[in-house]
Amino acid sequence: MNRLMKNIFLNDRLILGVIMFNVLVLILLSFNELKPYFHYLEYSDNVLTIIFFLEMVYKIRVLGWKSYIRSGWNQLDFVIVVLTTPSLIFYLFNLPSLTLLLVLRAIRVLKFFRFLKFVPNLDSIISGVGRALKSSVFVLLAFFLFNLIVALFNCYLFREVSPEYFGNVLKASYTTFKMFTLEGWYEVPETITANYSSGYSFLTTLYFTIIVICGGIFGLSIVNAIFVDEMMSDNNRELENRITRLENKIELLIDEIRSEKKQERDKL
Amino acid sequence: MNSDQKFINHPQLWQRLFLNDKIIMIAILINIIILFLLSFDSLIQYLPFMEYVDTLLTVFFGIEMFVKIRVMGWRTYINSGWNRLDFGIVVLTTPSVLLMFFDLPNLTILLILRALRVAKFFRFLKFVPNLEALMSGVGRALKASVFVFLAFFLYNIIISLFTCYIFKEYSPEHFGNALVSCYSIFKIFTLEGWYEIPEKMAQSTNSTSLEFFIKFYFIFIVVTGGIFGLSIVNAIFVDEMVSDNNDELEIRITKLEHKIDTLIHTLEELIPPKKE
Chain W
1 MNRLMKNIFL
11 NDRLILGVIM
21 FNVLVLILLS
31 FNELKPYFHY
41 LEYSDNVLTI
51 IFFLEMVYKI
61 RVLGWKSYIR
71 SGWNQLDFVI
81 VVLTTPSLIF
91 YLFNLPSLTL
101 LLVLRAIRVL
111 KFFRFLKFVP
121 NLDSIISGVG
131 RALKSSVFVL
141 LAFFLFNLIV
151 ALFNCYLFRE
161 VSPEYFGNVL
171 KASYTTFKMF
181 TLEGWYEVPE
191 TITANYSSGY
201 SFLTTLYFTI
211 IVICGGIFGL
221 SIVNAIFVDE
231 MMSDNNRELE
241 NRITRLENKI
251 ELLIDEIRSE
261 KKQERDKL
Chain A
1 MNSDQKFINH
11 PQLWQRLFLN
21 DKIIMIAILI
31 NIIILFLLSF
41 DSLIQYLPFM
51 EYVDTLLTVF
61 FGIEMFVKIR
71 VMGWRTYINS
81 GWNRLDFGIV
91 VLTTPSVLLM
101 FFDLPNLTIL
111 LILRALRVAK
121 FFRFLKFVPN
131 LEALMSGVGR
141 ALKASVFVFL
151 AFFLYNIIIS
161 LFTCYIFKEY
171 SPEHFGNALV
181 SCYSIFKIFT
191 LEGWYEIPEK
201 MAQSTNSTSL
211 EFFIKFYFIF
221 IVVTGGIFGL
231 SIVNAIFVDE
241 MVSDNNDELE
251 IRITKLEHKI
261 DTLIHTLEEL
271 IPPKKE
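Protein chains in written order, with the working numbering: chain W, 1 to 268; chain A, 1 to 276.
Misleading hints may appear alongside valid ones.
[Said to hold, decoys possible] Mimicking BS3-like on lysine-lysine, the simulated pairs with C-alpha atoms at most 27 Å apart in a straight line are:
1. A/Lys143 to A/Lys126
2. W/Lys66 to W/Lys117
3. W/Lys249 to A/Lys200
4. W/Lys59 to W/Lys117
5. A/Lys22 to A/Lys126
6. W/Lys249 to A/Lys22
7. A/Lys200 to A/Lys187
8. W/Lys249 to W/Lys261
9. W/Lys117 to A/Lys143
10. W/Lys59 to W/Lys134
11. W/Lys117 to W/Lys35
12. A/Lys187 to A/Lys143
13. W/Lys261 to A/Lys259
14. W/Lys6 to W/Lys134
15. W/Lys35 to W/Lys59
16. W/Lys262 to A/Lys259
17. W/Lys249 to W/Lys262
18. A/Lys126 to W/Lys134
[As the list claims (entries may be wrong)] Over the 10 Å line for every Cβ pair with chain A, so calculated as not near, a few chain W residues:
19. Leu26
20. Ile27
21. Leu48
22. Asn74
23. Thr85
24. Leu116
25. Phe177
26. Thr181
27. Ser198
28. Val223
If you're looking for bench data, these hints aren't it; they were derived computationally from the structure.
Positions of the beta carbon are idealized from the N, C-alpha and C atoms, including for glycine.
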């Protein structure tokens with residue numbers, strides 16, 4: 001019995017197969033045309049959720065809680081089990097809230113992330129991406145702050161003229177973000193200046209152009225540049241080490257020659 | 001002048017015609033012009049003539065392949081990447097010759113066969129200078145980014161399924177099933193017209209909080225997939241493309257190391273070891 005459990009739950013390939021089957025079920029569940037089979041699909045999804053739950057319990061029993069939770073992948077599995085198990089409840093009870101039901105259903109998709117473990121070479125990618133994310137967190141923060149400041153400014157300037165774009169801070173933030181992505185940014189000044197005199201409309205257009213240049217062109221370029229920079233930052237590390245060794249050797253050589261000269265001078 | 005020629009022992013005169021790179025290039029050029037002209041409906045009166053020339057050139061390339069295989073032998077022929085390309089093109093385009101002799105019952109196959117003729121265009125690549133260095137860079141980048149693409153694809157599917165379950169009833173035109181949802185999410189990742197989706201969805205609600213939930217949900221997708229995701233793919237490409245920029249520097253440093261090592265050796269020979 002124990003051996004059987006071991007063969008089932010500690011076998012990575014079997015688990016991969018189960019995940020793939022689950023993903024297939026989740027994809028099929030999204031097609032309304034398959035409604036007559038929804039019953040079976042929901043049933044198998046629940047069975048798979050239970051399997052993942054049992055897998056977690058078994059692994060914790062075999063490894064012990066501390067060594068289980070130390071591994072990053074196990075942490076991911078644990079969180080996924082904790083988040084997906086509640087969806088079993090609405091099989092037993094009738095949920096009063098439709099929103100909660102929707103959220104529980106959507107959360108099942110998280111099981112997908114277990115796939116990541118089976119992507120080869122992932123560690124090196126993640127370390128590069130991690131470095132990039134770490135250094136871009138401040139840029140992201142600055143970007144967010146800049147977005148908020150510009151949005152507030154816009155809100156006070158154009159609140160009366162164009163309530164549909166800048167009626168309150170949230171609307172203004174959304175419109176400003178939209179302009180930063182460059183998508184349809186020109187629609188905003190063109191709608192606003194429709195009833196303006198030519199002098200005002202020139203100034204307004206200029207104002208929005210500056211926003212687009214600062215946020216859309218510079219801002220996005222900076223984010224991009226930081227990613228490239230961090231990804232490439234380990235390209236030169238080996239070369240740098242070799243140059244440092246060379247420098248040390250040359251220092252030694254110079255010291256040697258100097259001391260030799262000094263000795264000769266002393267002899268004289 | 002041609003790398004193939006070192007394998008050739010004594011080609012006959014007519015065989016040399018097919019082994020000459022310049023003649024082949026001219027044939028490709030003529031063929032491309034013909035294919036260009038064939039796309040204009042206004043030239044319909046010359047169409048039979050041009051079709052005839054195109055078929056002749058297809059046959060010409062077929063003969064070229066056979067001559068090369070006979071002269072070089074199958075193994076040497078297929079070892080070269082360029083020959084493999086030629087072989088693939090001949091295999092793909094020869095069926096269109098059949099069009100001259102038979103009436104095809106199926107219009108779709110006819111369309112595909114016609115379109116496949118354009119594959120001959122790829123033979124031009126061989127005559128692009130510096131292509132090898134470019135290709136090796138692109139190859140390295142593709143190899144490194146294949147996993148990133150996989151991860152990106154997976155992320156796309158996860159987000160689409162998640163969005164599908166949440167907004168399926170709300171906006172079936174964008175997220176009705178997994179396939180439609182995948183397409184919509186990919187569209188958002190490319191940033192093209194991403195705002196149209198949340199704005200259209202927000203139109204049908206009076207609740208301000210739902211409107212903002214929708215808008216900021218999609219902003220999250222744009223930031224993680226469109227801005228970060230594409231930046232990462234871009235960064236990995238640039239990283240791999242420029243990774244041979246340091247090759248020359250590495251060689252120079254190796255030379256420097258050798259020089260300093262010889263210096264140390266000569267000094268050791270000149271100066272007797274210190275007496276401690």
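These are the hints, each one checked on the structure:
Taking the CA atoms of lysine 143 of chain A and lysine 126 of chain A, the gap is near 22 Å; set against the 27 Å cutoff, the hint holds. Between lysine 66 of chain W and lysine 117 of chain W the CA atoms are separated by roughly 20 Å; this keeps the pair inside 27 Å, and the hint holds. About 68 Å separates the Cα atoms of lysine 249 of chain W and lysine 200 of chain A, which puts this hinted pair outside 27 Å; it is violated. Straight-line distance between C-alpha atoms of lysine 59 of chain W and lysine 117 of chain W comes to about 17 Å, which keeps the hinted pair within the 27 Å bound.
Note on lysine 22 of chain A and lysine 126 of chain A: the hinted pairing holds, with a Cα-Cα distance of about 12 Å set against a maximum of 27 Å. With a C-alpha separation of about 56 Å, the suggested pair lysine 249 of chain W and lysine 22 of chain A falls outside the 27 Å cut-off, and the hint is violated. For the suggested pair lysine 200 of chain A and lysine 187 of chain A, the alpha carbons sit about 15 Å apart, so the restraint of at most 27 Å is met. A hinted pair counts as satisfied when its Cα atoms are at most 27 Å apart, and lysine 249 of chain W with lysine 261 of chain W qualifies at roughly 19 Å.
This hinted pair checks out: lysine 117 of chain W and lysine 143 of chain A have alpha carbons roughly 20 Å apart, not beyond 27 Å. This hinted pair does not check out: lysine 59 of chain W and lysine 134 of chain W have alpha carbons roughly 32 Å apart, beyond 27 Å. Proximity of lysine 117 of chain W to lysine 35 of chain W is assessed by CA-CA distance (about 32 Å); at most 27 Å being required, the pair is judged violated. This hinted pair checks out: lysine 187 of chain A and lysine 143 of chain A have alpha carbons roughly 25 Å apart, not beyond 27 Å.
Of the supplied pair hints, the one linking lysine 261 of chain W and lysine 259 of chain A holds, its CA atoms being roughly 22 Å apart against a limit of 27 Å. Between lysine 6 of chain W and lysine 134 of chain W the CA atoms are separated by roughly 39 Å; this puts the pair beyond 27 Å, and the hint is violated. This hinted pair does not check out: lysine 35 of chain W and lysine 59 of chain W have alpha carbons roughly 36 Å apart, beyond 27 Å. Between lysine 262 of chain W and lysine 259 of chain A the alpha-carbon distance is near 25 Å, which keeps this suggested pair within the 27 Å criterion.
Restraint check for lysine 249 of chain W and lysine 262 of chain W: the C-alpha separation of about 20 Å stays at or below 27 Å, so the hint holds. For the proposed pair lysine 126 of chain A and lysine 134 of chain W, the alpha carbon gap of about 44 Å is over 27 Å, so the pair is violated. Distance check on leucine 26 of chain W: its Cβ comes as close as 6 Å (rounded) to a Cβ of chain A, failing to clear the 10 Å threshold; non-interface status is violated. Its closest Cβ contact with chain A, about 5 Å, brings isoleucine 27 of chain W to no more than 10 Å, contrary to its assignment away from the interface.
With a closest Cβ-Cβ approach of about 15 Å to chain A, leucine 48 of chain W is found to remain outside the 10 Å limit, as its non-interface label requires. Every CB of chain A is more than 10 Å from the CB of asparagine 74 of chain W (nearest about 20 Å), matching its label as outside the interface. Annotated as non-interface, threonine 85 of chain W keeps its C-beta farther than 10 Å from every C-beta of chain A; the closest such distance is 17 Å. For leucine 116 of chain W, the requirement that its beta carbon stay farther than 10 Å from each beta carbon of chain A is not met, with the minimum near 7 Å.
Separation of phenylalanine 177 of chain W from chain A is inadequate, the least Cβ-Cβ distance of about 6 Å not exceeding the 10 Å criterion. Not every CB of chain A lies more than 10 Å from the CB of threonine 181 of chain W, the least distance being 5 Å, so the non-interface label is violated. Distance check on serine 198 of chain W: its Cβ is at least 29 Å (rounded) from any Cβ of chain A, clearing the 10 Å threshold; non-interface status holds. Residue placement check: valine 223 of chain W does not keep its beta carbon more than 10 Å from all beta carbons of chain A (closest about 6 Å).
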